[in-house]
Amino acid sequence: MRADRIAVVITATLVSAVCLHAMAVREPAPAPAARQSRVAVGDASLYVREIGRGQPAIVLHGGPDFDSAYLLPDLDRLADKLRLIYYDQRGRGKSAAHVHPEEVSLASDLDDLDRIRRHFSLKAPILLGHSWGTVLALEYALRHPANVSRLILMNPAPASAADVALFRTAYIQALGSDMVRQRAIVQTAAYLEGDPETVASRYRIHFKPAFESTDAYEKLMATMKTAFVRQGKTGIVEARAVEDRLMRDTWEIDGYDLLPKLRSLNVPTLVMTADHDFIPVDVASHIADALPKAQLFTIKHCGHFAYLECPGDVRRAVDNFLAPAQTTSSRPAKRD
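Going by our numbering, the sequence shown opens with residue 235, and the numbers climb by one from there.
Among these hints, one or two may not hold up.
[To be verified] Heads up, simulated DSS-like pairs for lysine-lysine below, C-alpha to C-alpha not over 25 Å straight-line:
| no. | residue 1 | residue 2 |
| --- | --- | --- |
| 1 | K467 | K453 |
| 2 | K315 | K467 |
| 3 | K315 | K527 |
| 4 | K527 | K357 |
| 5 | K534 | K442 |
| 6 | K459 | K442 |
| 7 | K315 | K357 |
| 8 | K453 | K328 |
| 9 | K534 | K453 |
| 10 | K467 | K495 |
Honestly, the hints are just simulated from the structure, not real lab data.
Everything numeric in this text was worked out from a predicted model, so none of it was measured.
Put together the whole structure using the sequences plus the hints.
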């Protein structure tokens with residue numbers, strides 16, 4: 235595998251990790267049991283998991299070669315406030331059957347998101363994206379602003395080629411000598427063939443700088459290894475091919491840049507980032523600065539997966555954002 239391609243693959247994998255916050259977290263009232271269903275998309279179908287009550291929020295997972303399982307059960311803490319509608323994006327997780335990777339593109343992902351919206355008869359739901367899922371949320375909102383009531387962007391991935399480069403530089407610096415070990419792994423036949431053990435060993439390195447908490451890091455690694463084994467070699471390789479296509483449709487486009495377009499998007503938005511995120515805080519700041527009705531919330535002592543590492547801070551940010559008296563005419567100060 236070429237070195238430049240390795241860098242793109244490394245940059246592309248922006249999924250969440252799991253961190254536990256030191257402070258006590260108020261446990262919300264139990265939500266109704268989760269409901270599972272499927273939504274047809276051509277010859278395939280999208281796996282959907284719905285839980286909670288309140289305003290409907292379609293949840294967009296990261297990766298983009300992962301599925302929604304890494305968000306669970308921790309994001310369910312918001313289920314007493316929101317009706318969370320998770321789905322595995324086409325060609326990934328439980329939405330992989332009968333899907334050919336070459337059929338999946340940014341356009342098909344956006345169509346699938348709208349299919350989910352229409353299936354549940356939602357006029358303008360909240361879009362709640364994490365990591366890569368924030369890019370999908372922004373791409374959709376720019377095309378269909380009337381179909382989105384609010385955006386919640388957790389630990390956002392870059393929305394421009396310039397910020398992809400910024401992230402890549404920071405990532406390589408944070409990884410240090412481990413970058414050599416990772417390059418060696420991703421060039422092995424076992425990794426290229428999707429061997430779950432080898433893939434899991436690569437992600438132990440990849441996510442090392444994404445955490446402040448060692449316990450959280452180990453929890454995520456166990457969760458991911460289980461997911462890789464369940465996915466199997468074929469599923470891993472096909473999801474990776476989907477990721478490659480999505481990169482070609484976005485970050486690999488010469489001059490890719492959503493930021494100027496975001497200045498015309500008048501959707502109230504909460505942008506959450508963290509001081510130990512392996513994606514630089516500036517990436518989130520650039521998104522928040524571009525959006526006219528955005529609030530930027532920065533969490534201290536927290537990494538790329540704030541919903542798990544710092545659930546209390548995430549909960550307060552979401553509660554404040556959704557409060558009836560909350561306005562977005564002025565941007566609140568960042569949490570320091």
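Okay, the hints, checked on the actual structure:
no. : hint           : verdict
1   : K467 with K453 : holds, 22 Å
2   : K315 with K467 : violated, 38 Å
3   : K315 with K527 : holds, 22 Å
4   : K527 with K357 : holds, 20 Å
5   : K534 with K442 : holds, 18 Å
6   : K459 with K442 : holds, 15 Å
7   : K315 with K357 : holds, 19 Å
8   : K453 with K328 : holds, 22 Å
9   : K534 with K453 : holds, 20 Å
10  : K467 with K495 : violated, 39 Å
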